[in-house]
Amino acid sequence: MNGLAAIYHKELLTYFRSPIAYFVVSVFLLGTGYFFLYNIFMTGIGTMDETFQNMGILLLTLVPVITMRLFSGEYSGRTMELLATLPLKPWQIVIGKYLGAATILFLMTAATAINLIPLYLYGNPETKTILSGYVGFLLLGLASLAIGQFFSALTENQIVAALITVPVLLAFWFVGHLQTFQTSFVLRDLFAYLSFALHFGDFIKGLVRSEAVAFYAIVSTIALTLNTSYLQWRR
Amino acid sequence: MVEAPPRGGLLFAASVIVSFSPPIVLDRVSKRYGSKTIIHGISFTVEKGEILGFLGPNGAGKTTSMRMISGYTTASSGRVTVAGYDMATQNEMAAKKIGYLPEHPPLYDVLDVSTYLRLVGKIKGVARAQMAAQLDRVIAACRLEAVVRREIYKLSKGYRQRVGLAQALLGEPEVLILDEPTAGLDPSQIQETREVIRAFGEQHAVLLSTHILSEVTLICQRVAIINHGRLLAIDSPAGLQAASEQSNSVTLEAGGPADELEKALLEIDGVRDVIVRPFPGREGLHRAECQVDAREGVEARIARAVAGRWDLYRLERQHPTLENIFLRYVGTTAKEREVA
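Chains as they are written, first to last, in this note's numbering: chain A, 21 to 255; chain B, 168 to 507.
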């Protein structure tokens, strides 16, 4: 486990000794703050429902910034040759990096709690609904990070990695809309099942469904497994 | 009555095999990318206490071979064994025994030197209690004391190279694989780095690729010459020179007519070919270059034959330098490929 911990530590150092972490967290907080204020003052309802929805979309556009360098940066910086020849198993590299990126996600998420202060001071929000929204947001983020990390492993170019990740994540978000055009029940169910937005919507409403939790866990596991297999195949 | 073998007998046998096989073994190793073969069935070993110099022009296959030995990539066929471990299936075990400096030092620019080395040490499994001592050892060996707290992106090329070497030395590896370790260093740094490698090579196996031929002569016990993915020769520098002397040359300067001098030289036993040219600025004097056998006494026969008829001013048997030998090998294969 030393190797995994070292990779995780290295990822955190890399994030915080470069502008990436500060940029991502700042942009996310500014965006979330704007959406929160807009939703509260426009609707006059003291909930996080709309804000969570906006946070989801904002997250999908920022995840590629977090993940694009994870492996592409190692390839272009020639450091992959070091990682691949040290006593590390591919899954340790993959999980160590994933945990590093996940830590940024947790920090981003935790920082949005500042919005809850006025909400609880001046409103009467449902705590359980907010908590389930945060659970859904984290699961959405973890699945998106796994996808972004996998695409980063496929190319040496960080920009290309980001440019592939953005449309894929947006496709997962919007794929639910396609079900309205389908006459086949199988396709309708498939598109609904694959939709990040529909599963996330359940969490925002306060429903922590095991099916939705399992969906995000499966997506994350598949992406991380593909990532590990790809590293093994590269040898 | 037959005694039952002691428990753990197989394990003991396996450990004996591991400890007695040379630290680096390549057995008919090939590497293909798609339909293109980069390495063609090369075989060699590097023993403990030996530094093997890996020579070859750019694109010869040195880096690919070193990547296979380090475990970065696998061989398409054949077997690479490092410290007794098969690199195709046991590379993670072998990785603990390998120190590897790739062609481009693998450094994290945003980290400072100390943090970077500590990170590599941790991954290599250096115990926390030994970490400080190990870091001090490699920092002193690579003369990094002045830059220990500096971020790597601020370092000069020479220091970056030395940080790369320091990470390779961490963890007390049994095998050191160095891809052009002195590239980018100034003369004094080159000298210091050679000393580090030489000292390490006394107890361990070192595979070293370089473009500096004198470096090979200075620190390597054996030399492997590779070109177009084929191993052309492997021997000690002295052995390569001796083998090359099979077609050694003798140069002489003598008076007398050119055609007669050439005829007299070709009649001598052991002389294969002669080229006679006028000596620049000296009327009636010629310089003759003779291709001769490696047999003893050819020079004496030439001296007797020439000195008996004309004035002999100089006679010298030329010993090939490593550079000549290298160019001869590399040039030969290039010509062979052109003919093919």
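Do not rely on the hints blindly, as some may be mistaken.
Stated by the list, open to error - What follows is a list of derived Cβ distance ranges for each label pair:
#1 SER249(A) with ASP303(B): 47 to 57 Å
#2 ALA296(B) with TYR250(A): 35 to 45 Å
#3 THR384(B) with SER46(A): 55 to 65 Å
#4 ASN177(A) with TYR200(B): 31 to 41 Å
#5 ASN177(A) with GLY406(B): 46 to 56 Å
#6 ALA133(A) with TYR200(B): 36 to 46 Å
Unchecked claim - One side of the interface only, derived from the structure: several residues of chain A facing chain B at Cβ under 10 Å:
#7 SER38
#8 SER46
#9 ARG98
#10 GLU101
#11 LEU103
#12 LEU106
#13 LYS109
#14 GLY143
#15 PRO145
#16 ARG255
Bear in mind the hints are in silico, worked out from the structure with no lab data behind them.
We treat Cβ as the ideally placed atom computed from N, Cα and C, and that holds for glycine.
Each hint tested on the structure:
Between SER249(A) and ASP303(B), the C-beta spacing of about 40 Å breaks the proposed range 47 to 57 Å. At roughly 37 Å, the beta carbons of ALA296(B) and TYR250(A) sit within the given window of 35 to 45 Å. The hint said 55 to 65 Å for the Cβ distance between THR384(B) and SER46(A), and at roughly 58 Å that hint holds. Between ASN177(A) and TYR200(B) the beta carbons are some 20 Å apart, a value that contradicts the proposed interval 31 to 41 Å.
Between ASN177(A) and GLY406(B), the C-beta spacing of about 47 Å keeps the proposed range 46 to 56 Å intact. Here the CB-CB span from ALA133(A) to TYR200(B) is close to 51 Å, at odds with the stated 36 to 46 Å. For SER38(A), the suggested interface contact is upheld, since its CB lies about 5 Å from the closest CB of chain B, less than 10 Å. Because the smallest distance between the Cβ of SER46(A) and any Cβ of chain B comes to about 19 Å, over 10 Å, the interface hint for this residue is violated.
Given hint, ARG98(A) at the interface with chain B, holds; its Cβ is 4 Å from that chain's nearest Cβ, closer than 10 Å. Interface restraint check: GLU101(A) against chain B, minimum CB-CB distance 5 Å, threshold 10 Å, status holds. For LEU103(A), the interface hint holds, the least distance from its beta-carbon to any beta-carbon of chain B being 8 Å, beneath 10 Å. Annotation: LEU106(A) was flagged as interfacial toward chain B, and the flag holds, the nearest CB pair being 5 Å apart, inside 10 Å.
With its C-beta approaching chain B no nearer than about 6 Å, LYS109(A) sits inside the 10 Å limit, and its interface hint holds. Hint status for GLY143(A): violated, given a least beta-carbon distance of 43 Å to chain B, over 10 Å. Restraint check, PRO145(A) versus chain B: the minimum CB separation of about 40 Å is more than 10 Å; hint violated. Contact between ARG255(A) and chain B, as hinted, is supported at the beta carbon level, the nearest pair being about 5 Å apart and thus within 10 Å.
When the structure is compared with the earlier hints, violations turn up for hints 1, 4, 6, 8, 14, 15 and for no others.
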